[in-house]
Amino acid sequence: MAVQTLATPSRPAPWRDPKIRAIVIQVLFVATLAALIGFLAYNTVTNLRRQSIASGFGFLDREAAFGIGESLIPYSPADTYGRAFIVGLLNTLYVSAIGIVLATILGTMIGLARLSSNWLVAKLAAIYVETFRNVPLALQLLFWWALLRGSAPSPREAWELLPGVFISNRGITFPVPFSEPAYLWMALALVAGIVITIAVRRWAKRRQEQTGQQFPTGWAGLGLVLGLPAIVFIAFGAPLRLDVPALRGFNFAGGTAMSPEFGALLIGLVIYTGSFIAEIVRAGILAVSWGQSEAAMALGLRPGQRMRLVVLPQALRVIVPPMTSEYLSLTKNSSLAVIIGYPDLVSIANTTLNQTGQAVEGIAMIMGVYLAISLLISLLMNLYNRAVALVER
Amino acid sequence: MADIDIAEEIPLPAQQRPPVVTSGVIGWLRANLFNSVFNTILTLLAVYFLVSTVPPLIRWMFIDAIWSAPNGQACHAAISQGAGACWAFIGEKWRFIFFGRFPYEEQWRPLFVIVIIIGLILASCDRRLWGRRLVLLWPAGLVIVGILMWGGVFGLRYVPTELWSGLPLTLILAVIGMAFAFPLAILLALGRRSKLPAVRMVSVAYIELVRGVPLITVLFMASVMLPLFLPAGVTIDKLLRAQVAFILFAAAYLAEVVRGGLQAIPKGQIEAADALGLGYWRRTRLIVLPQALAMVIPPLVNNFIGAFKNTSLVLIIGLFDLLNTANTALTDSSWQGFANEAYVFIAAIYFCFCFFMSRYSQMLERTFNRGHRR
Chain A
156 MAVQTLATPS RPAPWRDPKI RAIVIQVLFV ATLAALIGFL AYNTVTNLRR
206 QSIASGFGFL DREAAFGIGE SLIPYSPADT YGRAFIVGLL NTLYVSAIGI
256 VLATILGTMI GLARLSSNWL VAKLAAIYVE TFRNVPLALQ LLFWWALLRG
306 SAPSPREAWE LLPGVFISNR GITFPVPFSE PAYLWMALAL VAGIVITIAV
356 RRWAKRRQEQ TGQQFPTGWA GLGLVLGLPA IVFIAFGAPL RLDVPALRGF
406 NFAGGTAMSP EFGALLIGLV IYTGSFIAEI VRAGILAVSW GQSEAAMALG
456 LRPGQRMRLV VLPQALRVIV PPMTSEYLSL TKNSSLAVII GYPDLVSIAN
506 TTLNQTGQAV EGIAMIMGVY LAISLLISLL MNLYNRAVAL VER
Chain B
2 MADIDIAEEI PLPAQQRPPV VTSGVIGWLR ANLFNSVFNT ILTLLAVYFL
52 VSTVPPLIRW MFIDAIWSAP NGQACHAAIS QGAGACWAFI GEKWRFIFFG
102 RFPYEEQWRP LFVIVIIIGL ILASCDRRLW GRRLVLLWPA GLVIVGILMW
152 GGVFGLRYVP TELWSGLPLT LILAVIGMAF AFPLAILLAL GRRSKLPAVR
202 MVSVAYIELV RGVPLITVLF MASVMLPLFL PAGVTIDKLL RAQVAFILFA
252 AAYLAEVVRG GLQAIPKGQI EAADALGLGY WRRTRLIVLP QALAMVIPPL
302 VNNFIGAFKN TSLVLIIGLF DLLNTANTAL TDSSWQGFAN EAYVFIAAIY
352 FCFCFFMSRY SQMLERTFNR GHRR
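Line by line, the protein sequences give chains A and B.
Under my numbering, the letters of the first sequence match residues 156 to 548, in that order.
Under my numbering, the letters of the second sequence match residues 2 to 375, in that order.
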């Protein structure tokens, strides 16, 4: 009988079997990596012992014995390294949070300006973007710092930018209102306004779905959010007393001052990141095809409605992911504060590791904190992204 | 006759205004600057802004500027009487800003290095040269750069790396950094898409860890921790440590760019390569990478711009790059207080490089998109 059953494919030799090969390669890879890390760790431990540097995080409880220029929480050199570290962390978070908000506002405005039909405005915005995007941030920070610190006049001859806002080599001084009980009620009124606006919006949407009638939610919301606090303000007799900075001796008294370091860091971060955000916003809006706008016009939507209902929801889908990475890079770039001496996380950790010699722990802590911040911002932006993303089947 | 009646009954469009003129200077102004109330306000604001900033700036930079002065005091005296920028400072310090602490009489060497590196970059921009010739040109150019900087052969004086500074250092950090980061990035990107879980996990961990921390911490790590990692007695020179940090950092960002290209390769290409009987490495080298890399050239150029700007951070660990030489020039006691002049000067240098590269990347993007555009 010449009938041959089709042989099941014979097992290849072990060194040709992809499964076995994969396992062998991975074992070799992991073993090499582990050996390398082990070698480095062994060297580190020996070197540390030879230089008699302590290890572990015990140093966090010891006295720091260095001063910090500005701090959001009470701090003195007698406090511990741990507290100094928290001061640095809060400073980093503070400048990053303000920077993100301001850079988003500035970047969006410039991005829209670049798309403006006004030739002059579009060209000015383009010059802004090209200038600040193509110069290193470190250089820009040094420039602003030199301008605020060195070129700005003494408080006696301070530049008065607006009435009450002074720029001098002691930083930027501006007036703040004295606190009044009315402000608490105004804040509550603001919250109430926002809540009512959300309720009105829901009701208007339901009514439009049922009857087709529209309701001017935008104007009503604006009126509620701004109007309610304004009514409370007037009801309390409009108590507005400004603490205006005034020259006393060699410096300003009253008002609030922003140190030259903080001012330079904030200005630098906002202007630099703003130029990148402007490009993202512009690209996002250009990504919505012109046909969408034409269709909206054919439906009879006004320019504002066209932007709000048709273009922006589609543009946001393109804008949000790169915007996340800009926020992340702004936060990471705030570490350049060390160049101009603003006491951020990296700057304080650097002082700590110079004093204690515990480089491994110091750098591990900085990296841990930045990783945590990065993951947190990614998480928040991913949640927002899910809200604006295209709902697919 | 009926035709005429009908024609007469058609009403003429009621009092329509003639279309707005859009040609000529007035027409252009009306169409581009004053086409609505809002735009008119914007235009007026922009004009006000320009009028209040540009003339003082031009006066400061050119008209009232001091082009030569014997020393800083003379400049300060003139400035107190209303003079503008003191470019005499740059005239005095430009050689230090460009070449830093490199021995004065040997500074023709870093000058040649600048010319060679700019030449290599320009040659790489010419698409006709892309290919094997460029791959040979770069190592040859870098060997010459090394000989010129180090010396010690051909009768050139030996110059230790501590004295390398200024623009050549910035260019070397950026160019070598990218040249070595690129292969590493390809391996990381391939690792991230590998079917082997151990390789994939290590690649993902590396990429995300490095991208999650600022470059400063990586530089600190290189300058403070790298000496601890090495066996006792082994020391690495400071410049090399910074360069290694730079390569490791740039590789993580480049890897994500390369991954973008890899993901854009249709699966059919890989299946076709499998059908031809190509193994993993031959498939990757001959089919996948050529297509993936061609697709990501514009973002690669953008990454290069970022790396070039990032070189300015090495001043934190005390290397004398362009920014640090300018900073050091400012500390000369007879020429103090000209920070604005120094920073504007080096900002212009950085701007020229970055602007050229970003324009080039935009041009490439247009060229590559030509096939996809209708």
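Source of the hints: derived by calculation from the structure; they are not laboratory data.
Check before you lean on any hint, since a few could be wrong.
A partial selection of chain B residues facing chain A, derived with a Cβ cut-off under 8 Å [stated by the list, open to error]:
| # | residue |
| --- | --- |
| 1 | LEU34 |
| 2 | VAL38 |
| 3 | ALA47 |
| 4 | TRP109 |
| 5 | LEU197 |
| 6 | GLY213 |
| 7 | VAL214 |
| 8 | LEU231 |
| 9 | ILE347 |
| 10 | ALA348 |
| 11 | TYR361 |
| 12 | SER362 |
| 13 | GLN363 |
As the structure is a prediction and not an experimental result, all values here were calculated from the model.
Yeah, the Cβ is synthetic: ideal placement off N, Cα and C, and Gly gets one too.
Interface hint outcome for LEU34 (chain B) [beta carbon to chain A under 8 Å]: Constraint on LEU34 (chain B) satisfied, holds at 6 Å.
Hinted contact ALA47 (chain B) with chain A - closest CB pair below 8 Å: holds, 5 Å
Minimum beta-carbon distance criterion (8 Å), SER362 (chain B) to chain A: violated, 12 Å
Chain A contact restraint on TYR361 (chain B) - CB to CB distance below 8 Å: Violated. Min distance 13 Å.
Restraint check, 8 Å cut-off on beta carbons, for TRP109 (chain B) near chain A: violated, 27 Å
Interface hint status, VAL214 (chain B) versus chain A (Cβ within 8 Å): holds, 5 Å
Interface hint outcome for LEU197 (chain B) [beta carbon to chain A under 8 Å]: holds, 5 Å
Evaluation of the interface hint that places ALA348 (chain B) against chain A, nearest CB under 8 Å: Because about 5 Å separates ALA348 (chain B) from the closest Cβ in chain A, which is inside the 8 Å limit, the hint holds.
Cut-off 8 Å, beta-carbon criterion: hint that VAL38 (chain B) touches chain A: violated, 12 Å
Hint status (Cβ of GLY213 (chain B) to nearest Cβ of chain A, threshold 8 Å): GLY213 (chain B) check passes; min Cβ-Cβ to chain A is 4 Å, inside 8 Å.
Interface hint outcome for ILE347 (chain B) [beta carbon to chain A under 8 Å]: holds, 7 Å
Restraint check, 8 Å cut-off on beta carbons, for GLN363 (chain B) near chain A: violated, 11 Å
The earlier numbered hints that this structure contradicts are 2, 4, 11, 12, 13.
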